[in-house]
Amino acid sequence: MSHARHAAVLGAALAALVLAGLVSFALQPYGIYLLSLWAVYTIAATGLNLTLGYAGQVSLAQAAFVGIGAYTTALLMPHGVPFGVSLMLGALGCFVLGLGLGFPALRVQGHYLAFVTLALTTLAFLVMRNETWLTGGIGGISNIRRPAGFASGRGYEFLCLGVLACVTLLAWWLLRSPWGRAFMALRENPMRAASLGVDVRAYTLLAFAIGAALGGVAGALYAPLVQYIEPSPFSLDFSLALLLMVVVGGSGLFLGPFLGALVAVLLPEWLRFLQDYYLVIYAALVIVLLALCPEGLIGLAERHLFRRKGRA
Amino acid sequence: MTDRSPVLELQSVVGGYGRMTILNGCSFAVARGAITTVIGPNGAGKSTCFKAIFGLLAVREGRILLEGQDVRGASPAALIARGVTYVPQGRNLFTELSVRENLELGGVALGSAAAMRPLVEAALDRFPILRQKARDQASTLSGGQQKLLEIARGLIAEPRLILIDEPSIGLSPLMVKEVFATLTGLRDQGVSILMVEQNARSALAISDHAIVLESGRTRLAGTAQEILNDPRVARLFLGGDAGDAA
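Top to bottom, those sequences are chains A and B. Using the numbering used here, the first residue of the first sequence is number 15, and each one after it goes up by one. Using the numbering used here, the first residue of the second sequence is number 112, and each one after it goes up by one.
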């Protein structure tokens with residue numbers, strides 16, 4: 015990809031954030047909430063996109079990291095820990111846990127790795143549900159306050175968009191750096207990557223750790239957004255939903271998580287009239303999309319764009 | 112004064128895959144600023160030898176001296192930092208990435224995008240055909256262009272020693288000529304080249320020195336001309352009498 019195209023991709027991502035901020039002035043509180051949720055999901059999906067899309071490491075553990083970030087914030091803020099500090103601590107905890115999760119990836123790949131990461135999601139879910147003394151169990155934790163200055167729906171949306179902007183710039187810089195190149199080499203062929211001097215072990219661990227840390231950041235934003243957390247949003251279902259966001263948007267494509275998260279947030283609203291049939295329709299749409307365009311929606315858009323340019 | 116010490120020296124190297132031993136005490140020296148070609152029958156351990164040198168295969172015994180210092184067990188990244196590049200056998204490009212991105216991958220071990228950029232530009236200057244196709248997907252290049260891209264990628268780290276395995280494999284005679292011309296050009300600039308090549312006659316024609324490996328051991332070593340003229344080598348590996356080689 016040329017420098018101009020890289021810059022255009024970053025510009026499109028930042029323009030989407032500005033647009034989301036402007037649109038919120040015309041929305042009711044529920045619409046603002048949905049935009050905030052989109053920002054949170056996009057951060058989590060961007061983390062998974064780094065791990066899966068760019069480094070090629072399958073992970074079904076992203077929901078666990080979002081949960082850990084959410085519980086860290088919910089548990090620390092009532093004790094006077096500032097939101098920013100609890101966000102950093104949540105991200106740091108997930109980074110360390112992600113490093114640990116990366117070790118099995120040095121020995122197993124593909125389906126086997128997916129099962130290992132699934133085990134972490136299940137383990138984290140059980141801890142959240144059963145360790146009542148810490149997490150409140152199925153009763154959860156309520157009255158999670160938003161940070162001072164961002165208590166309103168729109169204020170908090172701007173905070174979510176601001177953090178997403180920082181994550182976007184960080185991910186863009188990372189992917190343009192030799193680290194990003196090494197992740198891609200790892201995804202394409204670990205042996206070839208090693209012959210180029212890529213430390214396969216270190217980069218595999220980093221791919222998990224950075225993806226996990228972004229999951230933690232998303233969780234830290236999620237808790238004050240919904241102001242009440244309990245274990246069920248962080249189950250395997252959410253890991254699969256995040257995986258779908260990455261795949262539907264375009265795995266390994268920078269803008270993929272932005273679009274994938276938008277679909278995940280808006281489609282249930284648009285298909286609400288279908289009630290229980292919503293998931294059936296969603297699944298059918300995903301199957302059709304992946305059959306026609308495995309590169310996801312962004313891949314589909316790129317394909318049409320280049321075809322038109324080719325004709326011109 | 113010209114440094115006549117070998118750039119690389121293998122001393123009784125033993126290694127292999129798992130319990131299988133492929134290298135059985137392999138020993139040879141690679142001259143500085145010269146092309147040294149390793150020939151031998153299939154299964155002689157030629158490619159295994161390269162993997163052992165480049166830290167991709169555990170060496171059980173022996174020493175690998177790079178400019179006099181033992182680098183046995185060093186990681187590929189450490190060896191790249193010390194001026195060694197490895198171009199493996201076959202197609203080793205990341206075919207879904209562009210030509211430029213493939214070149215940038217050659218600079219991953221440098222650890223800095225700023226340091227990488229001028230080196231990528233220098234590689235594109237050196238190979239104008241790659242500059243023309245810098246934005247194209249690597250898979251769209253011809254076989255010969257892909258091999259040139261692999262060599263160009265190897266040069267990003269500014270190596271003093273290039274290990275290149277079977278550069279002519281799958282290429283048309285015209286492209287083999289171009290690839291070999293590139294290698295001799297690099298040699299003339301002072302880069303040391305250690306090459307494995309099945310196309311022994313053509314490879315020896317551009318080489319300064321040659322090594323014959325058999326069953327993981329060095330059977331013969333000498334100047335390329337000596338090896339080319341050796342009747343045993345001619346009979347076994349060159350498909351004819353020594354006289355034919357001339």
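FYI, nobody ran anything at the bench for these hints, they're computed from the structure. Check each hint, because a few of them may be wrong.
[Unchecked claim] Chain A residues, not near chain B, derived (Cβ > 10 Å throughout):
| hint | residue |
| --- | --- |
| 1 | P96 |
| 2 | T136 |
| 3 | F164 |
| 4 | G167 |
| 5 | L183 |
| 6 | P192 |
| 7 | M198 |
| 8 | A199 |
| 9 | M205 |
| 10 | L210 |
| 11 | V212 |
| 12 | Q241 |
| 13 | Y296 |
| 14 | I301 |
| 15 | C307 |
| 16 | A315 |
[Said to hold, decoys possible] Pairwise CB distance ranges, derived in the manner of DEER restraints:
| hint | chain 1 | residue 1 | chain 2 | residue 2 | range |
| --- | --- | --- | --- | --- | --- |
| 17 | B | S253 | A | P96 | 51 to 61 Å |
| 18 | A | V302 | B | R171 | 36 to 46 Å |
| 19 | B | E232 | A | F117 | 33 to 43 Å |
| 20 | A | V302 | B | S253 | 34 to 44 Å |
Because the structure is a prediction, the values reported are computed rather than measured. For each residue, glycine too, the CB sits at the ideal point set by N, CA and C.
Here is what the structure says about each hint:
{"no.": "1", "hint": "P96", "in the structure": "holds (34 Å)"}
{"no.": "2", "hint": "T136", "in the structure": "holds (34 Å)"}
{"no.": "3", "hint": "F164", "in the structure": "holds (35 Å)"}
{"no.": "4", "hint": "G167", "in the structure": "holds (40 Å)"}
{"no.": "5", "hint": "L183", "in the structure": "holds (15 Å)"}
{"no.": "6", "hint": "P192", "in the structure": "violated (5 Å)"}
{"no.": "7", "hint": "M198", "in the structure": "violated (7 Å)"}
{"no.": "8", "hint": "A199", "in the structure": "violated (5 Å)"}
{"no.": "9", "hint": "M205", "in the structure": "violated (8 Å)"}
{"no.": "10", "hint": "L210", "in the structure": "violated (6 Å)"}
{"no.": "11", "hint": "V212", "in the structure": "violated (5 Å)"}
{"no.": "12", "hint": "Q241", "in the structure": "holds (42 Å)"}
{"no.": "13", "hint": "Y296", "in the structure": "holds (29 Å)"}
{"no.": "14", "hint": "I301", "in the structure": "holds (24 Å)"}
{"no.": "15", "hint": "C307", "in the structure": "holds (16 Å)"}
{"no.": "16", "hint": "A315", "in the structure": "holds (18 Å)"}
{"no.": "17", "hint": "B:S253 / A:P96: 51 to 61 Å", "in the structure": "holds (60 Å)"}
{"no.": "18", "hint": "A:V302 / B:R171: 36 to 46 Å", "in the structure": "violated (55 Å)"}
{"no.": "19", "hint": "B:E232 / A:F117: 33 to 43 Å", "in the structure": "holds (39 Å)"}
{"no.": "20", "hint": "A:V302 / B:S253: 34 to 44 Å", "in the structure": "holds (37 Å)"}
Comparing the model with each earlier hint shows violations of hints 6, 7, 8, 9, 10, 11, 18; every other hint is respected.
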